[in-house]
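Residues per chain are reported as follows:
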Amino acid sequence: MAEEWAIEASGLEKSYGPVTVLDGVDLRVRRGTVFALLGPNGAGKTTLVRILSTLVRPDAGGARVAGFDIAVDRQRVRRCISLTGQDVAVDGLQTGAENLRMMARLAGLSRPQARRRTGDLLAQFGLASAAQRRVANYSGGMRRRLDLAAGLVGSPAVIFLDEPTTGLDLPSRQAMWQVITDLVRTGATVFLTTQYLQEADQLADQIAVVNAGAVVAQGSPADLKSQIAEQRLELTLTDGLAFEDVTRALGARVVSTDPSRMSVGVATDGSAVHVRGVLDEVDPGGRAVRTFAVHAPTLDDVFLALTGHATTTSTNTTNTESEPAHV
Amino acid sequence: MSEITALRGSVAETIGTPTVVTDVVTMVGRSLRLSRRNLEVLLVSLMLPVILMLMFVYLFGGAIDTGAAYVSYVVPGVLVLCAGFGSATTAVSVSQDMTNGVMDRFRSLDVSGAAVVSGHVAASVVRNAASTVLVFVIAFAIGFRSDADILGWLAAGGVLLMFILAISWLAALVGVIARSPEAANGFTFFLMFLPYASSAFVPIDTMPGWLQGFSRHQPVTPVIESVRGLLDGTPVGNSPTLALAWCTGILVVSVALSVVAFRRRTA
Ligand SMILES: Nc1ncnc2c1ncn2[C@@H]1O[C@H](COP(=O)(O)OP(=O)(O)O)[C@@H](O)[C@H]1O
Ligand SMILES: [Mg+2]
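Residue numbers (the numbering used here), protein chains in the order written: chain A, 1 to 327; chain B, 328 to 594.
This is chain B alone, in the form it adopts within the complex (with noise of 0.2 angstroms):
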């Protein structure tokens, strides 16, 4: 038998303290890790907005009449609608943590739940910062103008990047609540469906009545007006401010709701 040693390391090295920092920097190392390799996923988080882009601008565009090009018109509406399709990746990946021995493991060594949820987080929010980027290159490519300066662009960016975390998180919500990967995946269903009932891909005058009263109050519309908005340079009125308002209410709640699902679920 070869020397014993290694199984057990010098005592100096039982002295190091983990700290949350090193625990969510690992955290987020390992999601990202996991979802590069993940072909489903990149497939899904990459591939797939473009397609849906090429797929409105191209076998719909020409059948609805927005009054501009129906490529800017239409690529807020592609993302936001993708930032739904990858919260069915996070959900599933909260939910197979949650679900297997890797959760029992992680507690054993004091890792917070908090610090692997973030870790699904932060990949979530860094899959579709690089769809969202995608898009772009793609959508000017084949049209899309923006009479933005700089500080329009930052706006658009930041009200994205919101609405991308907040949706993240109650993605998360769902993995950590969910009984099976199965369940966690048939629950943020919802979220993708929630762009098609907003202005993202048609003007909501064209909407029958009784549903424009919701597409009108639903949190995608303001997101997905201040950044069409925004991008062309028009005025947005209280759009962001509305936008602001819902992300970080469902990012406060979401958060809050997951520390307390998971405390229980742990208990």
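Isolated chain A (complex conformation) (with noise of 0.2 angstroms):
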């Protein structure tokens, strides 16, 4: 029977010059799963990526991947994983069936082989129809989506997937989410990256969080959930009067207060009932809520309920998910 772990890793620590980029980490993943790990930019997520697919060594620590000691058996973990990067790694003068037809053959398949893989992957992945188109012609969508296929020609054991969804509009990103969802069924592990809270509540068994090259919390989604902030919902009051009378109404149900643009937060579970029985209980008028919002907790709020501290990046644009990702 084969191993229960696709990646065990402990202890490991990377820096580079002065900088600690790893500073001990240590992860479990299970075979068949998907394993998220979320940070913000800069915390070490591309490093450890890096070093569990053989390509960096790490200064202290080991792991093993697909049951192999990644400093002792390199080749032989290589063989069992593929590694789709942070930056798409397609020719672009290439076509797309070229592309896959390359990396097949590196990958150890005869060139037969190589050239059923190539139509397999390309219908799977919706790109049959712009299989001799050369990649630089291709959206950013697809051009992602063949990146992910060239990873996957060998069918290798162990995915990695770094970022694989930043930078891409919503659809191209659910469109990939159903892809990973797949590959799991067919038995492979994904290890993916992410600075979406909402990506890797979507896609993950278990999830690690990872700030300034340390893991502050690993667990299942409904874990962590747990002990993060829930949606919260906010209502901007029609003057000071009514921010002092629903404040005070609320009282220890506030999470939130911000006086100058007379608003108040309370948590709230997002559903309609929820909402409107707040409503009702603060306003029973009418007059004094004058707009409401829902807010969906951020990787910010994540950081800030697990290590008492906002991330040390500002990572504004990026992990802002105002954007309902449940569609």
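It should be emphasised that the hints constitute simulated quantities derived from the structure, not laboratory data. Incorrect hints may have been included.
Here are a few chain B residues that face chain A, going by a calculated C-beta distance under 8 angstroms [unchecked claim]: (1) 361; (2) 434; (3) 438; (4) 480; (5) 590; (6) 591; (7) 592; (8) 594.
FRET-style restraints, in silico, Cβ to Cβ [to be verified]: (9) 460(B) - 171(A): 45 to 55 angstroms; (10) 178(A) - 347(B): 35 to 45 angstroms; (11) 137(A) - 544(B): 47 to 57 angstroms; (12) 18(A) - 386(B): 33 to 43 angstroms; (13) 464(B) - 18(A): 58 to 68 angstroms.
Each residue gets a CB set at the ideal place from its N, CA and C atoms; glycine is no exception.
Hints in hand, dock the two standalone chains.
And the structure:
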């Protein structure tokens, strides 16, 4: 019977000069599951992926991937994994089919096998009609999908995806999620990194939250969500008087206030029943509340909840997840 | 959702063992295809040599007295000059691979850096060989004549090929070391100037004294002298030996340093 763990890492450390990038990372990924490494820019996600995929040697600590030691059995590890990096790694001057055939040959497939596999993958990723077009003319989403397909030519057991959806629009991102979900159903193990809380929530069986090179929390999405901020209902009030009244009425349930904007935040599950209940309770006359909004927790909320301080790097544009993710 | 089996191939397909030969052949094919489709590269490697030759012959040729038809004098120089121009293309291609995600992907497939770089070098040699043939064809059309027998031609071709191979590996080394493709491009600049300070375009005797010492003892001069002499059917002395020694030296050092530099950069 194959091993239970697809990835086991302990005490991984890496520094570049004076900069400590990984500061003792331990994690385990069960076979046939999706594991998400969630963290802001500069947290060390890419470095960890490069170490686990044998491209970079750690300064200390070790890991087994697909049952093989990354330091001793590099070559065997490489036969079992694929890496789809943060930057798209396909040639713009080759067609989609040529890129995949090339990767398939490098992965050890014979010419006929490579041709067959290329056809299958292009069809699977909705790229069959673009197969003979140069990749330079692909859209960003198509290029990403081709890049992911190129990582799958060798039927890897462990698949590393470094920020597979960063920079994609919502439909492309959802298509990518579907592919990842399907991959795991075939028995593969997926290790992905992301800056999006909702992406990790949607896809992962286990999440590790990293910040500044250290894992600050690990668990199932449900475990983590029980630790972090729920959604927040923000009420903007008509005047100062209403602000004081509502704040008093909500009492200890207030999670945030902003007197300058006359807004008050309370925790909510986001359901219509709950929102209507709160509105009826604090504003029976229908005059005090001018507008309301429901905010999903952001990566910043997670870090605030888990570490008591905000993320070390500003990720203002990348992790505001106001768009609906569960469409 | 369509059937998901395509996402993972059958078990039989995963057993295939990639070999170094397959890797190198695949990488050569890639580099050749990329050069063929890059218009800029095609122009530099095919058009530029011809344009340069026409320019030298018709613009400068009248003013330079080399004691023979200038086209016959200048062809070796044009070929060497263009090998220099071509080296920029090679260095930039290698550097692009080094600095974008594709090298990580290749390495995660256990493709060696040497295979990737060899692909670029092979493409470089093919590009230069093609431009060499083209230059000769046009040169003949505008009055180039050779008294060489078949052995002379083979020997001249051999020296040129060695030079192209050496320059291509040197360019690849630059590409492996450079921090960016722009830097790689800049580094190869000096390669383009070496031919001017040799007997490629004007006899060394016509140069200022301080330059003559350098010109006589730099690698391009014996290459030029060998090719010119072999094609003319005139005595070449020890030029071919010197040329091959230089080229072999550059080649060995470039390959060795490339391997070391690649290891260091991807440690
Ligand atoms: N090769 C390198 N040399 C120097 N510093 C590096 C190198 N790679 C990564 N770093 C630094 O390590 C930190 C983490 O980088 P990275 O692993 O890319 O984080 P993430 O992928 O989470 O954004 C950053 O501060 C980055 O500047
Ligand atoms: Mg990263």
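Going through the hints against the structure:
With a cut of 8 angstroms, the hint placing residue 361(B) at the interface with chain A holds, because the nearest CB-to-CB distance is about 5 angstroms. Interface hint status for residue 434(B): upheld, as the beta-carbon distance to the closest one in chain A is roughly 6 angstroms, under 8 angstroms. With a cut of 8 angstroms, the hint placing residue 438(B) at the interface with chain A holds, because the nearest CB-to-CB distance is about 5 angstroms. With a least beta-carbon distance of about 35 angstroms to chain A, the hint placing residue 480(B) at the interface is violated under the 8 angstroms criterion.
A cut of 8 angstroms between beta carbons decides the hint on residue 590(B): the least distance to chain A is about 12 angstroms, and the hint is violated. Against a cut-off of 8 angstroms between C-beta atoms, the interface hint on residue 591(B) is violated, since the closest Cβ of chain A lies about 13 angstroms away. Interface hint at residue 592(B): violated, since its Cβ lies 11 angstroms from the closest Cβ of chain A, which is beyond the 8 angstroms cut-off. Given the 8 angstroms rule on beta carbons, the hint for residue 594(B) holds: about 7 angstroms separates it from the nearest Cβ of chain A.
At roughly 51 angstroms, the beta carbons of residue 460(B) and residue 171(A) sit within the given window of 45 to 55 angstroms. For residue 178(A) and residue 347(B), the Cβ-Cβ distance of about 38 angstroms falls inside the hinted range of 35 to 45 angstroms, so the restraint holds. For residue 137(A) paired with residue 544(B), a C-beta distance near 51 angstroms keeps the hint of 47 to 57 angstroms intact. For the hinted restraint 33 to 43 angstroms between residue 18(A) and residue 386(B), the CB-CB distance of approximately 57 angstroms leaves it violated.
The hinted window of 58 to 68 angstroms between residue 464(B) and residue 18(A) holds, with their beta carbons roughly 60 angstroms apart.
In summary, the numbered hints that this structure violates are 4, 5, 6, 7 and 12.
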